[in-house]
Amino acid sequence: MPNVLNEYKLELFEKKMVDLSNSFLEKTAPNPTVLASGFMGVTGLSLASAAAHGAGMVTIKSLSLEPRKGHKTPVIVGFEAGLLNAVGLSNPGVVNGVEELKVAKKKAGVPVIASVFADTAENFAKAAAAVMPAEPDFLEIDISCPNVDSEFGIPFAADPGAAADVTKACKKVIGSVPLIVKLSPNVAAIAPVAKSVEAAGADALDCINTLKGMVIDPVARRPVLTNKFGGVSGPALKPVAIRCVYECYKAVKIPIIGTGGVTTGKDAVEMMMAGASAVGVGSALYYRGLDAFKLIAGEMKDFMKSEGFKSPRDLVGLAHEN
Amino acid sequence: MKIDLHPDSFALDGRASFVPVPILRIRDENPHTRTFFFKHRLPAKPGQFVMLWQPGFDEKPMSVAFAYPEKEEFGLTVAKVGPSTEHLFSLKKGDRLGVRGPYGTHYRLPGASDAGIKAKHKRIIMVGGGFGSAPLRFLTEQAVASGFHVDFIQGARSQDRLILQKDIQELGAHLHVATNDGSQGHKGLVTEVLETLLATNKGRYDAVYTCGPELMMQAVGKLSEAHGVPCQVSVERYMKCGFGVCGQCDCGGMLTCVEGPVVSYDSIKKNPEFGVFHRDGAGLKHYFK
Chain R
29 MPNVLNEYKL ELFEKKMVDL SNSFLEKTAP NPTVLASGFM GVTGLSLASA
79 AAHGAGMVTI KSLSLEPRKG HKTPVIVGFE AGLLNAVGLS NPGVVNGVEE
129 LKVAKKKAGV PVIASVFADT AENFAKAAAA VMPAEPDFLE IDISCPNVDS
179 EFGIPFAADP GAAADVTKAC KKVIGSVPLI VKLSPNVAAI APVAKSVEAA
229 GADALDCINT LKGMVIDPVA RRPVLTNKFG GVSGPALKPV AIRCVYECYK
279 AVKIPIIGTG GVTTGKDAVE MMMAGASAVG VGSALYYRGL DAFKLIAGEM
329 KDFMKSEGFK SPRDLVGLAH EN
Chain P
295 MKIDLHPDSF ALDGRASFVP VPILRIRDEN PHTRTFFFKH RLPAKPGQFV
345 MLWQPGFDEK PMSVAFAYPE KEEFGLTVAK VGPSTEHLFS LKKGDRLGVR
395 GPYGTHYRLP GASDAGIKAK HKRIIMVGGG FGSAPLRFLT EQAVASGFHV
445 DFIQGARSQD RLILQKDIQE LGAHLHVATN DGSQGHKGLV TEVLETLLAT
495 NKGRYDAVYT CGPELMMQAV GKLSEAHGVP CQVSVERYMK CGFGVCGQCD
545 CGGMLTCVEG PVVSYDSIKK NPEFGVFHRD GAGLKHYFK
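Heads up: the sequence lines are chains R and P, in that order.
The opening residue of the first sequence carries number 29 in this note's numbering; numbering runs sequentially from there.
The opening residue of the second sequence carries number 295 in this note's numbering; numbering runs sequentially from there.
Just chain R, same shape as in the assembly:
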């Protein structure tokens, strides 16, 4: 006769065994969520607040060599299935940003990702070198912002060769700090860009930046954003991001941060099954408030318990087996 009680005890024991702690390129995070760049992270204390609210890793809003005010408001608007933004890469510049990163390193208690952008590969390298004194755990390069074309031209992420040039230039100046390259969905094919930056020395990918879009106000008879165009984030972006992560996972060996529309734990699991080793969270802050990280992590844990997964790493790439 099967011992029902023992089976029940075993099941309880196994549920307790679910551990969300997640290693990404040899750094350990309390869970797979990552505060995506451009959300909350203008200041070091804000990054620390995201961590205190449950973010597994945090990314600072991208820094440039000089301070930037960004686009004129409105810079963000909602629509039925997400948000559209064109903040325009406002930031206090690397000199001030490095101080914010130092605060984050001291107070966040989770891995801190620095993020930089520039107009040329050479300036990317300068900005990358400038944030190194803060000793970030990772450096992300934003080669994929869709909202600054008029100023910077077509993003580097649109061309495998240009993306590789920026990757190489940054890799040279950041020593042993792992380099994450943020890719764009605004390309005909993402896998060739992923392969190209991997060959150029990228240690990881962040897939994806926002999808270029537009919202028109029918009463005002004009695009809502002053920049006219913006980047789509939130639930509308999720299937695009899942597809991009899936394609990149097939194309490269380096780990991937899956970013785009993750709002629930189920979304995060989906992203990891597509091939992500960590999961970016941004617009979920709008849908679920500051508790988004804790809610997503909690729901992941519930899913893993009921489906018998013990660690987030067991989820990575699972969808490719079927």
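No wet-lab data here; the hints were simulated from the structure.
Treat the numbers as computed from the prediction; the structure is a model and nothing was measured.
Glycine included, every Cβ here is placed at the ideal spot set by N, Cα and C.
Incorrect hints may have been included.
To be verified - Some chain R residues judged to face chain P by a derived CB distance under 7 angstroms, without partners named: (1) S74; (2) V247; (3) P251; (4) P267; (5) Y314.
Chain P: place on chain R using the hints.
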């Protein structure tokens, strides 16, 4: 023309997207200030703010001064201080703007379930500096309706910068005025008037509510604390999204747009940036002086 698109869709309910709002009427408050009344059922509470979009110009956060959802009306009291408000002053009745919100935390009257302040004496004080009187007028309206005795201390540089005096008096609040140049009321600071009120009516106030320049609010908070009276302040920081995603309004780890703007002095006094510096649209620090 009223256009309702997908009224059930939350993203179009004004939470993150704009609702078209026509100007119903415009009222002059003083040579620099006007109140714009709009037609819209805005469910705002005192201390909350909206994002006002002037299509083709820009979008700015504005504190709500009047809200009558049942009448489908709300009002913003606006001073002409820059290009955006100058543009607004050029608009006329019937012109349509966009509004999204309301956003942020609000003032809580003593005895409210989540206020953490007891309504023991049913007496409260408002301290409004400059345009800070606008949201406090709204709060006064709510307080008087709930049976509170309200002492309203209003301060400005000079008499021609005082606002909403008639509204405040008509509500039945006791108005006390301080001007820097003595052109009306006490010549000096609002905190001097507050000190007198707190000292002469010791132990008879439930709470102090303040809105205005940050250093003034800090002084009001300190003074209230010294007299053992709880105080709520309204923190102003540079805002872009208004709903807790962009991070531009961070104040020492507090997302001002969702965790503020209204907070207790007791909590904000520990904030390393309150009363010290604020940041601009790029995130650069500017120290208060």
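Do the hints match the structure? See the list:
1. Given the 7 angstroms rule on beta carbons, the hint for R:S74 holds: about 4 angstroms separates it from the nearest Cβ of chain P.
2. Contact between R:V247 and chain P, as hinted, is supported at the beta carbon level, the nearest pair being about 4 angstroms apart and thus within 7 angstroms.
3. For R:P251, the interface hint is violated, the least distance from its beta-carbon to any beta-carbon of chain P being 10 angstroms, above 7 angstroms.
4. A hinted interface residue such as R:P267 counts as satisfied when its beta carbon comes closer than 7 angstroms to some beta carbon of chain P; here the least separation is about 18 angstroms, so the hint is violated.
5. Taking 7 angstroms as the C-beta cut-off, the interface hint given for R:Y314 holds, the closest approach to chain P being about 5 angstroms.
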